[in-house]
Amino acid sequence: MIDRQKTPPIVDAVHYQLELKLYTHHQLDNGVDVYMIDAGAEDVLQIEWLYKAGNCYESQNLIAATTNYLLRAGTTQHTAYELDEKIDYVGAYVNRGCYNQQAGLTLHCLNKHIDVLLPLIREVLTDSVFPAHELLLYQQNMKQRLSVNLRKSDYVAGRLIDTYLFGEDHPYGRYSSAAAFDLLTREAILAFYDRFYLRGDFQLFVAGKIPVDLLKKLNRYFGDLPISKTNLPTHTICPATQKKFNIQNDPAGIQGAIRIARPFPGRQHPDFLPALVLNTVFGGFFGSRLMNNIREEKGYTYGIHSYLLNLQQTSAWMISTEAGKEVCAVTIKEVYAEMNRICNEPISEEELNLVRNYMMGGLLGDLDGPFQLIARWKNLILNDLPPAHFYRTIDTIRTVNARQLQELAQRYLNPSDFYELVVV
Amino acid sequence: MITFDRFTLSNGLRVLVHTDISTPMAVVNVLYDVGARDEDPDQTGFAHLFEHLMFGGSLHIPEYDQPLQLAGGENNAYTTNDFTNYYIQLPADNLETAFWLESDRMLSLAFSQKSLAVQQKVVCEEFKEHYLNKPYGDVWSHMRSLAYQVHPYRWMTIGRELAHIEQARLQQVKDFFFKHYTPCNAILVVAGNVHVAQVRALAEKWFGPIPSGTRYQRQLPVEPVQTAPRYKMIQAPVPLDHLCKTWHMTNRLGATYHATDLLTDMLGGSASSRLHQQLVKEQKLFVHIDCYHFGSSDPGLVAIEGKLVEGVSMEKAEQALNEQLNIFKGQQPSEQELEKVKNKTESAIAFEDMSVMSRASSLAYYELLGDAALMNQELSKYAAVTTAQVATVSNELFRSENENTLYYYANPSA
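Top to bottom, those sequences are chains A and P. For the first sequence, my numbering assigns the number 1 to the initial residue and increments by one for each residue that follows. For the second sequence, my numbering assigns the number 1 to the initial residue and increments by one for each residue that follows.
Derived from the structure by calculation, the hints contain no laboratory data. Where a beta carbon is used, it is the ideal one built from N, C-alpha and C, also for glycine. One should not assume that every hint holds.
Quick look at which bits of chain A chain P covers, simulated, 3 or more residues with Cβ under 8 Å [to be verified]:
hint : segment
1    : 25-35
2    : 84-91
3    : 119-131
4    : 165-176
5    : 260-271
6    : 379-392
7    : 404-417
Straight-line Cα separation of at most 27 Å, DSSO-like style, residue types lysine-lysine; simulated pairs [what the hints assert, rightly or not]:
hint : chain 1 : residue 1 : chain 2 : residue 2
8    : P       : Lys121    : A       : Lys112
9    : P       : Lys205    : P       : Lys134
10   : A       : Lys152    : P       : Lys121
11   : P       : Lys342    : A       : Lys86
12   : A       : Lys6      : A       : Lys229
13   : P       : Lys121    : A       : Lys333
Label pairs and their calculated CB-CB ranges [unchecked claim]:
hint : chain 1 : residue 1 : chain 2 : residue 2 : range
14   : A       : Thr241    : P       : Gly311    : 39 to 47 Å
15   : A       : Gln60     : P       : Glu310    : 47 to 55 Å
16   : A       : Glu82     : P       : Asn411    : 55 to 63 Å
17   : A       : Asn344    : P       : Asn251    : 52 to 60 Å
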């Protein structure tokens, strides 16, 4: 008979020697940086063209996102339909993405189709025409999608909490509106495209089973594009003065979307890495204190999470949940009670050890495959952090102690510093 | 080509092993052959509620998550209409922890009254979050009950109403467990940095002693062939009208499954697909329109749904959609269009197979269908589909007698 009460021996994940396969760095003829991870068994590729063309660079709301979205709307050579047809024909995915600082395209494809796709990508990045009828259709459909989203309390809460933290005029706090969609013009989009794509500044992130001649091909199609240095404009953060908000969004709503947040320094700050550990204990995984108390003990919610926002210039500490309308107030009370507890009592060695192992196991699992590897490196590169930062993260997970975490909590987890929002 | 080894323990537990030493991790996937279709019509949502209870402690282990997290692992689970799947990913060195945890909860749960009471509340909040407090959240609850009259696919996995979840009793939880959560009704897949001999030894050690249980004989009511179109009208306080249609299709192992899958890709699902091009971009009648299917174990549904551009009438939108379907039925698609959706499928499979976790759950699912080796035959089955077959299947599918339509009207005062 086996003893089922007895836990099988484990290797503590904190002892793992984690090695993050380093990218190779190359430059195209025009000086464009290329970061590559060659790994994986499948003949697939992911290539990302990341321009300094995100929301921070726009002088009119939604211009950056619209320009990015309409990159597939047609060129002098091909209509939108012809582009779509060509991309779909080879089973590829060309996704657009516009973030706060960067914007660009991500290609996923089978290696055997790369020769059809690279010239097409070059075409949309250098020869897009932004037809007026495509813009009109985009405006109409985006406004209607927005009207649906505005009926969702979690969507509304996500927008509002960002404006409290950063102010409506900061790219981090700015949000879309029907009026802003109406104000978009083809001229403004063409001007943005001209400055931030045609004469833009971009990097390439490549991952997959890399064919030997890929770099040569990238150079052929993208090594001659003109590059102009693009500096990040400065924006001032204007946080709200009021701290507590109750918003009535849907009179028939039966749940409230709760967001509790405070500003927090960015990735470069020495408190950031230990805060990742503290956050995991507090609300960062299924076994966190918030989950245990508010979901597993009390059943107020399907899920509650806390996290540090992944922004480049600063960050914020956010707690997010949806709870029954009648239990929103007690849910918030319990969140603050957990803040007080983590400030007042040191985390036990047992709990901290579990979190260390969980985080290390998670890192190990995250490094599964070329796309995950490049994602991790990209996050460091975009934040101007050296490869050694990854090992500092591991070090922090292994060595940060309960006293340091308690001090950190006392500095950052004071209920009175937090914005509090409920949208029903 | 996904390679695997397979053996069956004397208690009937089927075990599959898929080795991939390029990862330091191991995946342990346990699939139970029970889903929402096996529920009592007066107690819907039970299979899913039960999935939550599987984390509330087992016979010898009061806490499921903690020891796993200590071993550097992560886990989750999901319930479909057809089956329930649990998966763990952890460092391969700690593989035995996963065997210990999974075998103990297959042996028996702790059946805690408190866990039941809390998870009833949690699931009710999940119900509200995803289906009641979301605009259009109830579309599929209406559509399922319209398209299916007797088959249990007529309700969603979350259940028909909150009351069914609130009424669950501990004795029912116990009965459900001993009926369905037994070795002979389960499939175990172990994948990643593992080897067969090691998995066999661990499986014998931890799962071998569990009593086999009785093989569950599924006897579900067969959905009668639909003979006339069905309609339903809903008014709801949403911003835009929504049109949703379904047609009965074959089951996952049916001879026309692959042709059906490919034809839904021709109609929807990508920027160049027919319905998106015609109805969103050319005629500007829909904000978006999608076409997809439920590849379910019992005969499923092909669905087309979309939101109407403000000001467009439901009649006009429906008529335009019908015209597109008539064009599609009237003329065999070109070889090029077929090649396009085959290429898309090939690439989707390649990306899906990149993750060990996804390979493990696919193996479990194909084994549930009858043979894990089916997984490696998919590409050739898609390749064999012809344009003539697509035409035949679409004509069989898109008949008005086979059609269900939900008119979901925006009405601020509803």
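Okay, which hints does this one fail, numbers in order?
Numbers 1, 3, 4, 5, 6, 7, 8, 9, 12, 15, 16 - these are the hints that the structure violates, sorted from lowest upward.
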